[in-house]
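Q: Here is how the chains run, residue by residue.
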Amino acid sequence: MIGPFHLRPTGLMGIVAVLLLLMTTMVRGVASAPPIPATKRITSDGGFKQHLHFSPDGKRLLFTRIHKGKMGVWTLELATGMMKPLLIPDPNTPHFDAHFSPDGKSVIFVLDILHGTDGKLQINRCDADGKNSTVLIPHKAFEESPRWSPDGKRFAWVTTRDGNQEIYSANIKGQELRRLTNDNAMDNNPAWSPDGKKLAFSSSRYGNFDILSMNADGSEIQRLTNHPSVDMWPAWSPDGKQIAFTTNRDGNYEIYLMNADGSNPRNLTQHAASENYAAWSPDGRRLAFISTRHGGHDIYWIEFP
Amino acid sequence: MLTLGQHRMRTCQGITRRELIQVGASSVLGLSAWNWFANSLHATPTKPAKSVLLLWLWGGPSHLDTWDPKPNAPAEFRGPFTTIPTRLPGIRFCELFPEIAKRTDQLAILRSLKTGHNDHGIAGTIGLTGSMAGGVGLGGSALPGSPRPTIGSTVARIKGFSGKLPPFLVVGGKLHQGKKAIVGEGGGPLGGLYDPFRLIYEPESGQTRIPALQLPADLTPDRLEDRAKLLTAFDRLSRTVDQLRSARVLDDYRTQALGMLTSPTARKAFDLSQEKSSVKERYGLTRFGQSCLLGRRLVENGVPFVQINWSDHVEAEEDSGDGGWDHHYRNFQIMQDRHAPWLDRALPALIDDLKERGLFDSTLVLVVGEFGRSPKINDKAGREHWEHCYSGLIFGGGIRGGQVIGSSTPRGEHVHDRPITPADLITTVQHAVGITSEQAQTLNVSLEGGQVIHELF
Chain A
1 MIGPFHLRPT
11 GLMGIVAVLL
21 LLMTTMVRGV
31 ASAPPIPATK
41 RITSDGGFKQ
51 HLHFSPDGKR
61 LLFTRIHKGK
71 MGVWTLELAT
81 GMMKPLLIPD
91 PNTPHFDAHF
101 SPDGKSVIFV
111 LDILHGTDGK
121 LQINRCDADG
131 KNSTVLIPHK
141 AFEESPRWSP
151 DGKRFAWVTT
161 RDGNQEIYSA
171 NIKGQELRRL
181 TNDNAMDNNP
191 AWSPDGKKLA
201 FSSSRYGNFD
211 ILSMNADGSE
221 IQRLTNHPSV
231 DMWPAWSPDG
241 KQIAFTTNRD
251 GNYEIYLMNA
261 DGSNPRNLTQ
271 HAASENYAAW
281 SPDGRRLAFI
291 STRHGGHDIY
301 WIEFP
Chain B
1 MLTLGQHRMR
11 TCQGITRREL
21 IQVGASSVLG
31 LSAWNWFANS
41 LHATPTKPAK
51 SVLLLWLWGG
61 PSHLDTWDPK
71 PNAPAEFRGP
81 FTTIPTRLPG
91 IRFCELFPEI
101 AKRTDQLAIL
111 RSLKTGHNDH
121 GIAGTIGLTG
131 SMAGGVGLGG
141 SALPGSPRPT
151 IGSTVARIKG
161 FSGKLPPFLV
171 VGGKLHQGKK
181 AIVGEGGGPL
191 GGLYDPFRLI
201 YEPESGQTRI
211 PALQLPADLT
221 PDRLEDRAKL
231 LTAFDRLSRT
241 VDQLRSARVL
251 DDYRTQALGM
261 LTSPTARKAF
271 DLSQEKSSVK
281 ERYGLTRFGQ
291 SCLLGRRLVE
301 NGVPFVQINW
311 SDHVEAEEDS
321 GDGGWDHHYR
331 NFQIMQDRHA
341 PWLDRALPAL
351 IDDLKERGLF
361 DSTLVLVVGE
371 FGRSPKINDK
381 AGREHWEHCY
391 SGLIFGGGIR
401 GGQVIGSSTP
411 RGEHVHDRPI
421 TPADLITTVQ
431 HAVGITSEQA
441 QTLNVSLEGG
451 QVIHELF
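Note that the protein sequences, when read in sequence, are chains A and B. The opening residue of the first sequence carries number 1 in this note's numbering; numbering runs sequentially from there. The opening residue of the second sequence carries number 1 in this note's numbering; numbering runs sequentially from there.
In isolation and in its complexed conformation, chain B is listed as follows (with noise of 0.2 Å):
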């Protein structure tokens, strides 16, 4: 393993061609006859989204105070907000969220999600990958099985390449449960090649920072490319010829890294001084808001996925930023001070933004965390973990707005109708950006059980 700047560099994490021939073989076999008649009745859509945006809401948003309040539940399920109407009839959000209430006619509301576990560190690799495979959580021991590829790997791994910037880009920290990394954010049997690219926009300078790219002290870009030549080279020697084949393709990945430090087209793609301070604004001057508009810049650069984290840790008030959404505390006061205007802000302004851009329908956008929260109000006027129902949004990206699909039972605790789990949702989002599912199999990263979300279509 070398390391460059802060960016370790893996050797080895290519995949041979034998070892492809026995993933794709063993992931046809192993496909039920059910499964693969299912997956092939979804055809690739007429006009697949050209990027995603997933909006990661870490912490666990609850559900009552979002999109699916529950205005005739008990005092003690309800909470302290009232709801009001969207555009669409009958449907109500929480009072704290006026301005996406106003959009709702651009999005589909998802309030039926389930996941399978109440733990961050599980939940979040399952949120990511579609499966808790090799999930740790917060006793420290991972759960059997390799970690699926994330998301935003998968399309990585499909589009390739082909544009100035790296494929898959995350906006934001890596994801914690206390001091530890979540697993699931990475390439997994893709290999680390596919792991994510990540800017970090810092609000009180209004700089991006790429941490991989973050030069020693002593090392100025010029000795930089002296150095990155030196390690390609050193790194060709001890290679198998396979393995060679995998290493010109991180030299490819490595190539666009410095790209982007030294290519003044592809730097500017980070800045956001280029913006006017009206768009800015308008997003909220939040790290939120700003890495919003930051993934709006990526999007419209052509980068086929970006990440982008509301907070590196699930608490609200240790994460290094904007703070997380695991309100076990003050659920109502955070909510009410901090994250319901900051969303409340950044996403109309995304909504706006994608559709004054024309990006809208080429962009598919997720909103959606590991998780909801507990429909009772615990003793502490706030929330706990909730995998058994939560919600989410999603929109643009050619899918139909404008509709609620699932429910939930009066009081939030359970999915009434319509299950939907995070191996559908990626499962639909691989649909969206027109990954066949021969693709899926042959690179070994259908779902099992995951289903497209067909209402969306």
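Here chain A stands alone, though its shape is the one from the complex (with noise of 0.2 Å):
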């Protein structure tokens, strides 16, 4: 017979377990994934930017912008919002990726010296109202993203004149070289613990780009990420705990975080945007990153409380 379906007691008891039980699940689900911190919009502008670093007083942001067809080092003003090219006079060729000295008063980057159809690049040394640069390592190969160590007594960067992305470092005066990896592989992006003890570095050696940490002489590599994307761009928290770094596993560029021995990482931004290029505040209250959610390139942050 078919006619009104009537559930028994004991029926209704189960549905209302599987419901409740479900409930739960989803419950314990929200729970469990990480929170979005609130993200603020520092620049509007759009051009494209990247290699954000925070001046050690915490005031200024250097960036690499395209501007007007110009490549070039800018710094950003935080308290004005004002943008304005690092280096007086302007060289007139393309130069990025810079990096304060902890005392604040001098900038490293990257010169590219055009020949022909060519480029060369060189690492300079300038004050840090942009002016007096002068070469810091000439153009021996292509010499690329130089770091101060926390001490500022030396510096690392990537250069290929052993046939292959290496990281060096050498002294101030850019002299006294070590070669601190020899891998086949490509091994870039330095970044130093703020006890100047260890580099963060993202390299191919395990077949795609991971992030690997050693000592500062170039011993005892740790692999710390083990994902089969590109994992890149690390930079080391003010208080050494934590690594935030540019990954790609979720289908596009986040900002990640984990523990600075590699565990525990988990999503930061969680957004359908490209973020890349994560810098702590000297503080260590804010992650500044480049992201793409309103369309361009846009420096934003997460304030941490």
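Be aware that a few hints might be false.
[To be verified] In silico PhoX-like cross-links for lysine-lysine, where the CA-CA straight-line distance does not exceed 25 Å:
| no. | chain 1 | residue 1 | chain 2 | residue 2 |
| --- | --- | --- | --- | --- |
| 1 | A | K131 | A | K105 |
| 2 | A | K140 | B | K376 |
| 3 | A | K241 | A | K198 |
| 4 | B | K380 | A | K70 |
| 5 | A | K140 | B | K380 |
No lab work stands behind these hints, which were simulated from the structure alone.
Dock the two chains into a complex; use the hints.
A: Following this line, the structure appears as structure tokens:
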């Protein structure tokens, strides 16, 4: 007989139990997803930007910008929002990927001297006001990504002088060169730990770019990420406990955060746009990055309580 | 030669009736029996594409780091990027292009392109005209022969000035190698009349600039019209009957050009502020992204051929804009930081937008550069020029998507099967827009050896 459907008490209890279980699972699922931190937009011009770095006093940001067809190093005064080119005079040749010295008095950066249809990369140093640019590492091969050590006595950079990208360090006069990595793969994107004892970097030695760390003399290389995706641009938190980095493991570039030993990687930005080039404020309360979430390439930051 | 703003008006570019007969005769007589037979087999498509968008990736993108990755090749060939699946079974793309990979059911992937030279200047001429004739390399000397018309000029010649806008527009500056503009972006034997009309999108202002109609500082639009009348009258005095015939067409062109400056309807087509922010953001606020959006607007307004130059220069840092694909050094850094994310944003937006507006089936889109890059990574973390094998994408315009045509050898060094040349690609575009072999022969725009890629239809 086909008629109205009647639930027996036991059946009803069973359905209630299943519903409760489902609800509990859903609540757990929501609770276990990391909350998305509040994000603040800092620039709105949309022009291409990359390579962010806070000044040691936290008042300025250095970054690479393509503006009116020219790639150069720019600064952003955080109190006023004013952006201006760093170098005086303008070298009229591409320059990029700059880094403040720990005392905030100098900047090191990549200068691209154009020769015909090719460029020759070298490392230059200038005063923090952009004046007095001088050669620090002349072009021997393709020299890039200079990063000052926290004690200000040395800097690390990437060079192809051995036939592939390797990380070197030198003193602040560009002397006493030390080769830190030695692998046929590409080693790049160096980032010092705040105590200066270690460097995090990207390497393709395991088949694709992962984040690795090593001692400042190149010893004791450790693999921090192990994922078949691009993991790049590591940035060590000022307290040394965490490393932010960019990865496309979720399909698009996101800023991830992991413990300094590589454990507990989690997606910090969780946005469909491209998020890249993480940079910590000196007090560790802000993590700035470049995002395309409004179509262009603008600076945003996350504020931690 | 008269100058109007920055646009040089050539007065003697039209071919005479006698020349036309001579050219037509020599073309027919010079064609081999096989070519004639092969071309005659390709009938006009039932629904020819109304428009063509050529996305020109100047500088030569790496085929291994885009559409033809080689995950099983040794590390010094395959590079640091992994591969991701596409919508096509067994077909993988470089991991930097997840959004394009999701749309491969719409695309035909050409993996067996090869060209005749590894110099940007000459390969650029080949890529745009199908022939190296007249090409100028880095050394500065021109190759024998007169440059052939660029494909956009051929389409413009056939489609004519039927719409409200000129039939061939290039979005982006002139293509350069070093400080020299390359040969092959113009009308060649068709005459300067069919040179492209150029638009430049400026990311900083969000404005579209029209260099040919930039007014001298003291010239207002009102005065411009007066001056144009004077120039027209002056020109007409000094021409022969045949030249006058050409001049009338030239006047049409001039009228169109002035119309672009003065007509609100025409200027509206160039005005990206007419688009919602969400649409602009979807393409990415890069010069290339917004140029693609402008390209869609031009197609929507009936322009038969739009070429979008990714960059003016081949070099990644030198260019006045997004920087070219000539990644002799820092190839992988530039790819992951800039070029791949930009292309993977703009191209999917264009595909989706064309579909949503019902323009996909009537718009043929090509995504290609002048050559590929060396499979073996050099000692500068880059890849060198590679003319022996490269890749491209083609979609829309009634072609059959969701397929791979041709293949390369295991390291991507050479074509394994189904070689495709730029002449084939250009002949295919001619075919797709409905240019018959008879028309091509009459206009002397048939390309020696150029065959339609029949798998696309």
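Q: Are the hints correct? Go through all of them and say.
A: Checked hints:
no. : hint               : in the structure
1   : A/K131 with A/K105 : 11 Å, holds
2   : A/K140 with B/K376 : 22 Å, holds
3   : A/K241 with A/K198 : 12 Å, holds
4   : B/K380 with A/K70  : 23 Å, holds
5   : A/K140 with B/K380 : 11 Å, holds
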